[in-house]
Amino acid sequence: MKTKEVMEKVIELSLANGAQGSDVILSEGKSFSASVQNADLDKYEVSGSKILGVRVIKDQKIGLSFTEDFTADSLEVVVSKAIENSQFSKVNENAFIANDSKESSSHIDNKTEEIEVNDLIELNKELESKVKELDKRVSGSPYNGVSENESKSHFLNSNGRYCYEEDYSLSCYTSALIKDGEKNSLHYYGSVAKKLSELDYQKCIDESFHHAKEWLDASPIKSGKYPVIFSIDQMQSLFGAFHRMYSAKARMEKSNPMSEKLNQQIFSKNLSILDVPTYEKALFASPFDSEGYARKDLTLVENGVLKNFFHNSETAAFFKEENNFRAARGARSALSVGGTHTLIQKGKDSEKDLTSQKYLMVHSMQGLHSGLNFMSGDFSFGASGYLMENGEALQAVNGITVAGNFYDLLNEIDGIGDTIHSNSSTSFFAPTIRFSKLTVAGV
Amino acid sequence: MLDKNIAHDVINCALEHGADFCDIFVEKKDSQSVSFNSSEVKDIQSGMNFGIGVRLIYGTKSLYAYTNSKERDDLIKLTQTLAASYKTGSQALMQDQFNTLTYQEIKSFINKEMPLEEKINNLKSLDSKIRAQGEYISQVNISMIQYQQNIEVFNSKGLYAHEVRPYCRVATNAIAKDGDKQCSGSWNPGARGGDGFLDSLDHDWIAEYLGKKTKTVLYAEACPAKTMDVVIDNGFGGVIFHEACGHLLETTSVEKKSSVFWDKKGEMIAHENLSAVDDGTIDNLWGSISIDDEGMPTQRTQLIKNGKLENFLSDTLGEMKTGHKRTGSARRQSYKFAPASRMRNTFIEEGPHSNDEIIQSIGDGLYCKSMGGGSVNPGTGEFNFAVEEGYLIKNGKLDKAVKGATLIGRGEKIMKNISMVGKNLDFAAGMCGSVSGSVPVTVGQPMIKVENILVGGNS
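Chains A and B supply the protein sequences, listed in that same order. Mapping of the first sequence onto this note's numbering: position 409 corresponds to residue 418, and the numbering continues sequentially without gaps. Mapping of the second sequence onto this note's numbering: position 181 corresponds to residue 412, and the numbering continues sequentially without gaps.
Think of the hints as simulated: they come from the structure by calculation, not from any bench. Heads up, a few of these hints could be off.
What the hints assert, rightly or not - If you want the footprint, here are the derived chain B segments under chain A, 3+ residues with CB under 8 Å:
no., region
1, 298-311
2, 434-442
3, 648-654
4, 681-689
For every residue, glycine included, the Cβ atom is placed at its ideal position computed from N, Cα and C.
Input sequences plus hints: build the corresponding full structure.
If you want it as structure tokens, here you go:
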């Protein structure tokens, strides 16, 4: 059976088993990856897999199930499991299958050139050799690889709405491990692109080597409060760690500290944040949500006021607010909400003004998955970076922690830059932001 | 699961294309999860994963591919695709049939079949007991995941091995609120076992633990930021050894010489009071496996004895590249990952000190009652991990509660600073992420004292 026929069969079985409605997600992925060590191929992987997830609504209760086996028997089992599970779920008056008329939509961003595997492996050899050439103290590049990824995602519901997305990407990364006596230092950097010629492998080399070299002689700074600027990648990591604050689902589940703050001033008046699904500078576009609806730009925070939460059909119905089509669901997960690309609006401060006097530039943070409390906003992370003055590095810094409260931090902004920067995976776009103080533990 | 004749043909296809070694990993995983929110069932999901991974080794080079298909033609084509990337001669084909491995099976919690409705009632009971701790508990989230991982391993040395691994984990999270103050606390026990483990959970203990913990953190002050002596209590406190040392003893890190310990076997790398073990053979534990994902019976591996580095954790490739013998430590998240040397149940062994002796030995420090997760940079040994519930120590006695603390340091330095080791060894379940994905592991330790560690906090 063709992919869409499999999905139609699952929906047919769902309805035949008593479901009032059903939707199906089928994801397919193909990838190739390789890693070079000491100028020779060390690892080589190829993969192909697909998975189907079904959600049924029966007696206004939801049941979920997934399978990686597409035989006729397994398709019957996946439906019967979902139906069985629905019997034990709560009655959910806000759950429904998108009931628009039959619509099909697609977004295809597939590969535009044939890539020879050997070209990618040669690129990877070059990455390693060029990093090693830069300094005899570079003892290796323990993280050094390339990959090619293709993904396809299909959505079909029992009202006939069908949506198809296809994406393609190439990536490369490398690292520099520098050893000098008892001292050692490691840094890595990666690049993602649609074409081989667009992979910024020189930046991978430069970034990996530069920071590893600088941090070889790094030391902690004195404990205290410091003005801080995060590199764009670290800012993305920090904002990403608290991104659930925009979740209407978490708000519905009384697990969101911003639940009562809609239309209230929560951050500095200078801060405006948007979710931009099809931002032109982003590598990937996310034009449809996981219920098959087309997305538009969404203002999350405007001049410091919380303007919107991410909604899907269920959360919008629950709060009697407008659906802004941020449904997120994978084949093996329940319906949730999520954002796409983040855009922080630029301010009026020049880079020169922002980088005046002393401040801490944070280039690397560790422990983001564990060192924070989403409900309170408190965080404390290991960090590395540079003590800066007027844009010049005074000292490479490591062995410190930075700690604060995220929700307070966004009210303690000294300045917002007038130029938008992109993170390395082109999913987060923001100007330089100088925060007035973070607590640093050092010496 | 996979027809042995097909496995035989795939392996011979690899050998015909010159592979020095070939193994096939077959996995079928049946799972069920239930999540609770606001005292109601939020989601119930069932699932089935099935896939096959084929690995070819040429010298020390690893070629890996996976698929959802168990058809002969698909697997042969996959093998040929892999082999085409590494052109060489051919090896002698495998003539004999597979020999089935016999091994001592690690025990799991005695299974007790619980209908889904009974499981839900079990979780409802836990939910209501947590809420009963006080009105400050504003929300409770509970999820339970159970899965049975059924694996087969075939290899070109004629091995056939098979294991069924039952897993069960319950994640509890309570949110406490008082005016604008909010915080959350969690407790996430897991085990090798099925419904029997769910049935064994002590709901009263979990509820009281979460109630006290969230109430303490809700009103705690920010932790001071400075270097100090720290006491880390038992159980999940063992994450310090896992991050600061354990990852650096895996041959995945040793083979690249990126681990600071790669050439330190036989040397003192830790304080003489410290002995540590990685043991996959302990009954019922979340990180226990009867055989590893290369089909080798798992072992108890003494990592450090009285401060001296005794062994590394090794798999087939690790042994080829470093010479360190395999320890039954080859693990992977699923068929989508090639195996790598990974920890199982890793813990610091009991020492000579009482809890009172340890706390009384500190004039000005921090007592970490419960820990969050952490991470390590295997190239430099720099680690970090979070303190969920902590108290200052003043003149040998516990003082006020503090929140938001993180401990950071370098593995090779901190191992020498663990100067006192208690007698109350306990274990806790966690998930560990690394090159071969996320695998269930146990961390453990008795109470320990760490001298001069940097504590990050917001005060």
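The hints, checked one at a time:
no.: 1; hint: 298-311; in the structure: holds (count 3)
no.: 2; hint: 434-442; in the structure: violated (count 0)
no.: 3; hint: 648-654; in the structure: violated (count 0)
no.: 4; hint: 681-689; in the structure: holds (count 5)
Comparing the model with each numbered hint stated earlier shows that hints 2 and 3 do not hold.
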